[in-house]
Structures are given as structure tokens and as C-alpha cells.
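Read top to bottom, the protein sequences are chains A and B. Residue numbering for the first sequence follows the numbering used here, beginning at 1322 and increasing consecutively. Residue numbering for the second sequence follows the numbering used here, beginning at 7 and increasing consecutively.
Rather than coming from a laboratory, the hints here were simulated on the basis of the structure. Be careful, since some hints might not be right.
Stated by the list, open to error - With a straight-line cut-off of 27 Å between C-alpha atoms, the simulated DSSO-like cross-links for lysine-lysine are: (1) A:K1476 with A:K1451; (2) A:K1465 with A:K1510; (3) A:K1351 with A:K1652; (4) A:K1555 with B:K52; (5) A:K1549 with A:K1451; (6) A:K1476 with A:K1519; (7) A:K1391 with A:K1510; (8) B:K52 with A:K1549; (9) A:K1475 with A:K1451; (10) A:K1549 with A:K1391; (11) B:K52 with A:K1590; (12) A:K1490 with B:K52; (13) A:K1419 with A:K1451; (14) A:K1466 with A:K1490; (15) A:K1553 with B:K52.
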Amino acid sequence: MIKIHSLISREHTLSDPQTQLHIINQDTPKLCTLPRFEQMLEQTGLWSLRPTQIEILQLNLGYMCNMTCKHCHVDAGPDRTEMMSRENLEACIEAIEKSDIHTIDLTGGAPEMHPDFQWFVERVSRPDRKIIVRSNLTILTTNKKYRAFPEFFKKHGLEVTCSLPFYNKYTTDRQRGEGTYDRSIEALKHLNEIGYGKPGTGLELNLVYNPAGAFLPPDQTDLEAEFKRNLKDKHGVVFNQLFTITNLPISRFLEFLVMSGNLEEYMEKLVNAYNPAAAEGVMCRNTISVNWQGYLFDCDFNQMLEISIDESSAAHIRDFDVQRLTERDIKVNQHCFGCTAGAGSSCGGATT
Amino acid sequence: MGRNYYDSDHLRQFPHVTELNEKLGNKFFDYYNSVFEGDELTAREKSLIALAVAHAVQCPYCIDAYTEASMQQGVSDGGMMEAVHVACAIRGGASLVHGVQMMNQVKKAGM
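So that you can see chain B by itself, here it is in the shape it has in the complex (with noise of 0.2 Å):
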């Protein structure tokens, strides 16, 4: 048994995650399968999507998988470094805008 935290060979075993629980694993992967279906958004745009979020959520695994998934729908390497932009300028921006609570005690609390 490895002793490496974020192993890529991890993400290969990941649908056995629901050895302990199969009822809620399927139900997730169900879901999971049916969020990536065609409807309203294409599957470029899910894609690109995921990519951001696996950014902001930091996921290695997540990374590689949606990393592959737009390329393989025709995304060009700078579109995926947009989509980045997009996840950090948001996380950067939730950051930033909760500055605002920060100068509304001052206000409150300062002379």
C-alpha cells in the first residue's frame, strides 16, 4: 500500500469508493454522469467549467481529468489559461470583497 498522498493512479480507483457504501456512491455517480449530459450547456462549456472549479477547489485529480476533457473538446491551451483566470480572479475576488466588512467595522468601531 502506497504512502503518497495525491497519487494520480488514485483517480483510476475512485469508482470503487463506493465498496462502502454503494447505495449513496451510485446515486452520486448518477448525478455526476447526468450533470455532464448535454441540455442547455455543451460539453465544451462543462468541461471548461469543471476546469475552472477543479482550480479553485485545488483538486490534482480533477485537474488532469478536465485538463484532458477540454482538450479533447477542442479548447485551446490559452482558453483553459482563461478559464484559470476566471477561477482565480473569482476566489481573489471573494477574498477582496469581504474587504468591504472589513472597512464597514471600521467605520462602525473606529472614531
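Chain A extracted, bound-state conformation (with noise of 0.2 Å):
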């Protein structure tokens, strides 16, 4: 089912952070005469970017996925081997401790295939904090340790956030490769079956949607409706939400904008669509990302571009700092569009 590979494998020019922000920076006129992110801030009186409150911690566990979806934002694949290790799971767990971090966001790569997902699971598990894993759902079809990860989510209650692009084969398939409809219809039937996003079950499984193209998502709550008239009239697949998220001009999604000359238009459709209200709710003022090497970062897409957080900042899990993680300046660049655009678009779907 894996038909392209990561850019680094790949030895590919965009594997390279400073190259994706060259590109999408100034690699033409136009894009050089857009308006700068920080200065749409300012002009909104939002500049500069400060916290609220760190509320979230995700930890990527690792780049290694059993898929080669066309948009990720992590050029993640079955190539890629960096994994967190046992030491930054270690201090994770005690940053978690020291602080009021409520929500634990677990993703990757494929976040269950780290060799230590459950162990650290069942650490940081308490009935007062909520875990989420960002899992690709085909990854709980592929052989029998994975079948019965759902079970293992059910018993520590794991809020289970899957991607699933769309409600049919087609699209699917296009985006993140053959079979993964499919494979995926299975993994929702299962974690159907044993209470996940069946009411009063308390099993929260949540599906993200982002676009197959160079588009913005549409509206959440009428989209939300068509996911779940599809996929119950089609399948008898039940869930709690859909969160639509926007595709951030990086990475293998750069790399489809650049090969289909959408890169420009997109860039400025980015831009058109800014709002103010979605700018003030963006996920990097309440989340904190860790990368596999326990380094911090504003947020997962500035983790891929290698944007290291503030230097008034401890730059390290092992250095956790609330007061002044919650006192940094928060690091912008022309991505940052892709969070603001339109409803706004987070790991929690739109943020207005």
C-alpha cells in the first residue's frame, strides 16, 4: 500500500527545514510580497504571541509510521527510526508531575509504535487527566499486537483521535494510499464494538479531517454531519466529533504544492483567509511539543522546521519550566497562516 517514501529518504531538497521556510517565505515574487505573519499579528494587536496557560503537553514519540501519507507534516514513514527514549519518557513523566498539565497528546509517526507506548501509558495514566492518541487507525489492522491496542486504550481511557480524510474510498485512498479506507472501516468497527464513540460509554473516539488538495476545510459542524450520515448508513461506524485541520504548507504537503503549482495560491488563500479569531485561540498558546530527543518546541509543525522555542526558555523536557515556558514569546513564521486561516485549525480541530 506504500507507494511514495519519505523526503529524506528520498535525499529530497525539502527534507530540509531551512529550505521549506526559504520556499515558503520568498521562493517567488508574489510570495515575498505577501503580507509577514507576525505583522498581520500586530496589525490585530495580537503581536507578540504569549501563552495562556500550559495545558497540554504532546509528546511526538517518534518519526517511524507504518504509512507514507502524500501530506504529512512530519515526512514520517516505515524509514524513519528516531525514537524517544526511555530517559526523555522518563522526564516527560516528571514535568507532567510538577505541573497542571491536564491533557497528555500523544503523536508521531505512528505513537503505538514505540516500544515503550503502553508502559508510559500505563505511568502516566490518573482518572483526572486525559491521555489522547493520535493513531492512523490502520495501524490497529496489522497484526496481532496492534489488534488489541483498543482494548488497551479502553482500559487506561484513552481518548482516541484518528485521521480518516474522508468519508469515502476514493479520496481516502488518494491522500494516504491504497487499502487505507478499508483497513481503517475495520479499526473504527472494532473500537465501535468494544464502546469507543458509543454514547454513555465515556469512550471518546474523535475523527480528523483534512483536505485531499490545496483547499480549506470546510465548515466542521455541517461536515461532522455528512461523516456521520456516511459512515453510518455505509458501515454502521459511530464516533463523537470530527475535527477539520488545515494542511500547513510543510513538508511532503509543501513538497505536493510545489510539484502541482499550487504553492502561490494556496499561500495567499492562507493569507486571505486570516482571522483574528482564530489567531487568538491558536494551539501554541496552551501546548507544549516535545520532540523524540526531549527538546521543546511551540507546536508540532514548528518541531518538523526546526523553529527552536524562545531562548528565555529551557529548551529541554529534562528543564521543564512552567512559569517560564508561560512567559516565552512564541516563534511565528509564514505556517503559522495555516492555524489561522478561515475557523482557525488545531490539534482539536477549528478554534473558533
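Quick one: dock chain against chain with the hints and give me the complex.
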């Protein structure tokens, strides 16, 4: 089912974060003339961008994934071997224990592929804490070990937030590889069978939509209704919420934009759709992202672009200091327009 | 000045059409924008109607604009093609239904 490879394994120029930033900032005269993100924040009274409160710790457990989706901002794939060490996981636990962080968001790659995934969840699981696992769904169908994961999720009350870019096979497989849709439906059915997405179980099952092309997402509420109707009618599948996410112009989605000649128009679209209300609610204001090496970032996108957290804050999870992190300036660049376009975009969907 | 018909950049220039008659141009755009505000029909339904009509009137600008609008409204590729077939069926049917006129004329004028 995997037809494309990571940018890094292809030794593609776009695997270099500096090249990506150069392209979105100044690859063409038109891109040079677009307003800068910090200017827009300034014009709307949000500069410099500061956190509200550190509530969510998002751990990127590693870049290994069983899939190689066309739009992946992580450039994840089976060939990626980066994994968070036990030592860094211990440092994450310590940081969580000494802070008011109420949500732990596990992402990757495929976070389930991390050998210490279950160990870590067992260590941090507590009734007053929310743990989110960002699953690509297909991993839950690959073999016996992963088929047993939904029961483990249930045991610890994990919120399962999974990618399903569309409610049909054609669009889903085009973006994420042949066979993805059928395997995703199989995984969703299993999750439903054990109570996920069902009323009264308290087991949250959320889906993530992202556009299969160079356009912005639809209204989240309207699309959720469409997804629910289609998945129920066609497969008897139910879920709680749909999160619509805008594709940010980085990594493999940037590759698509460049190769298809859509980059200028897409950037223009994001800039024109700048919404001050969405800017006010961006996720970097309440979330800290940790990479596999334990370094801290303002978000998963800055992590991929290697945009380090402000120097005033400790840069590593072992030196985690909520006070200093709350007082830092958030680093921004042109890709940030992806989170402020239209209804806004975050790991929890629209922000307005 | 380009000599090409149906240049995609013309769509971007569309708002400037008010320059030679601001009053009527503005009235048109006010009306146009009001048409697409949600009321009894959703924005998604209106995008699909617009897409079908765009094919019926064979307007490449409208086809581009409402293909994108429909995608942005979460319409599937198959859904958009169904809308095009609706346009095609109505256009084709409109020709064919005139066959009744022809048949009636044949009956009247023939022996």
C-alpha cells in the first residue's frame, strides 16, 4: 500500500527545514509580497504572541509510521527510526507530575509503534488526566499485537483521535495509500464494538479530516454531520466529534504544493483567510510540543521546521519550567497562516 | 494586454467589472453575495447547484470557482460528478422533450 517514500529517504531538498522556510517565504516574487505573519498579528493586536496557560503536553514519540501519506507534515514513514528514549520519557513524566498539565497528547509517526507506548501510558494514566492517542487507524489492523491495542486504550480511558480524511474510499486512498479506507473502517468497527464512540461509555472517538488538496476545510459542524450520515449508513460506524484541520505548507504537503504548481495560490488563500479570532485561539498558546530527543517546541509544526523555542525558556524537557514557558514569546513564521485561516485549525480542529 | 480568451486571471479581475457602471455592478454583486448567504439551502447545496449550472452554461470561470467551493464544502469527487450529470441530463432532456413538438408537427402536417 505504500507507494511514496519519506523526503529524507529520497534525499529530497525539501527534507531540509531551512529550504522549506525559504520556499514559503520567498520562492517567488509573489510570495515575497505577501504580508508577514507577525505583521498580521501586530495589526490585530496579538503581537507578540504569548501563551495563555500551559495545559497540554504533546509528545512526538518518534517519526516511524506504517504509512507514508502524501500530506504528512512529519515526513513520517517506515524508514524513519527516530524514537524517544526511555530517559526522555521519564523526564516527560517528571515534567507532567510537577505541573498542572491535564492533557497528554501522544503523536508521531504512529505513536503505537513506540516500544514503550504501553509502559508510558500506564505510568501517566490517572482519572483526572486526559490522554489522547493520535492513531492512523490502519496500524490497529496490521498484526495481533496492534489489534489488541484498542482494549488497552479502553482500559486506560484514552481518547482516540484518528485520521480519516474523507468518508469515501476514493479520496482517502488517494491521499493515504491504497487500502487505507477499508482498513480504517475495520479499525473503527472494532473500536465501536468495544464501546468507543458509543453514547454513555465515556470512550471518546474523534475523527480528523484534512483537505485532500490545496483548499481550506469546510465548516466543521456541517462536515461532521456529513461524515456521521455517510459512515453510519454505509458501515454502521459511529464517532463523537470530527476535527477539521488545515494542511500547513510544510514537508510533504509542501512538496505536493510545489509539484502541482499550487504553492502561490495556496499561500495567498491562507493569508487572505487570516482570522484574528482564530489567531487568538491558536494551540501554541496552551500546548508544548516535545520531540523524540526531548527538546521543546511551540508546536509540532515548529518542531518539524526545527524552529527552537524562545531562548528565555529551557529548551529541554528535563529542565521543564512552566513559569518561564508561560512568559516566553511564541516563534512564528509564514506557515502559521495555516492555523489562523478561516475557522482556525489546531490538533483539536477548528478554533472559533 | 493578452489576446487569450478565457484567461484564468480574468476571474480575479471580475470585481473590476464595476468600473464602467458602478451602480449596476455593485447592485449585481450585492445580489450575488446575498444569493449565497445561507437560508433555506445550505452553502454546500448552493455550491453544488452553482457547479451544475456552471456546466450547463459552460462557464470555465464558474467551473473552477465552484469546483473549489464544493471541495471546500466537503463534497466528494463523485458527488460533484453526479451534479455534472444532473446538468447534462437536464440539458439533454431539454433537447429531447422538444422531440414531442416535432412529433406533433409530424402528425399534424403528415398524411
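Against the structure, the hints come out as follows:
1. A:K1476 with A:K1451: holds, 13 Å
2. A:K1465 with A:K1510: holds, 16 Å
3. A:K1351 with A:K1652: holds, 24 Å
4. A:K1555 with B:K52: It holds: about 25 Å lies between the C-alpha atoms, which stays within 27 Å.
5. A:K1549 with A:K1451: Cα-Cα ~24 Å, so holds.
6. A:K1476 with A:K1519: Status holds; Cα separation ~16 Å.
7. A:K1391 with A:K1510: holds, 25 Å
8. B:K52 with A:K1549: holds, 21 Å
9. A:K1475 with A:K1451: Between A:K1475 and A:K1451 the Cα gap is close to 13 Å, so the pair holds against 27 Å.
10. A:K1549 with A:K1391: holds, 25 Å
11. B:K52 with A:K1590: Judged against 27 Å, a Cα distance of about 21 Å means the pair holds.
12. A:K1490 with B:K52: holds, 25 Å
13. A:K1419 with A:K1451: holds, 16 Å
14. A:K1466 with A:K1490: holds, 26 Å
15. A:K1553 with B:K52: OK: A:K1553 and B:K52 at ~25 Å, within 27 Å.
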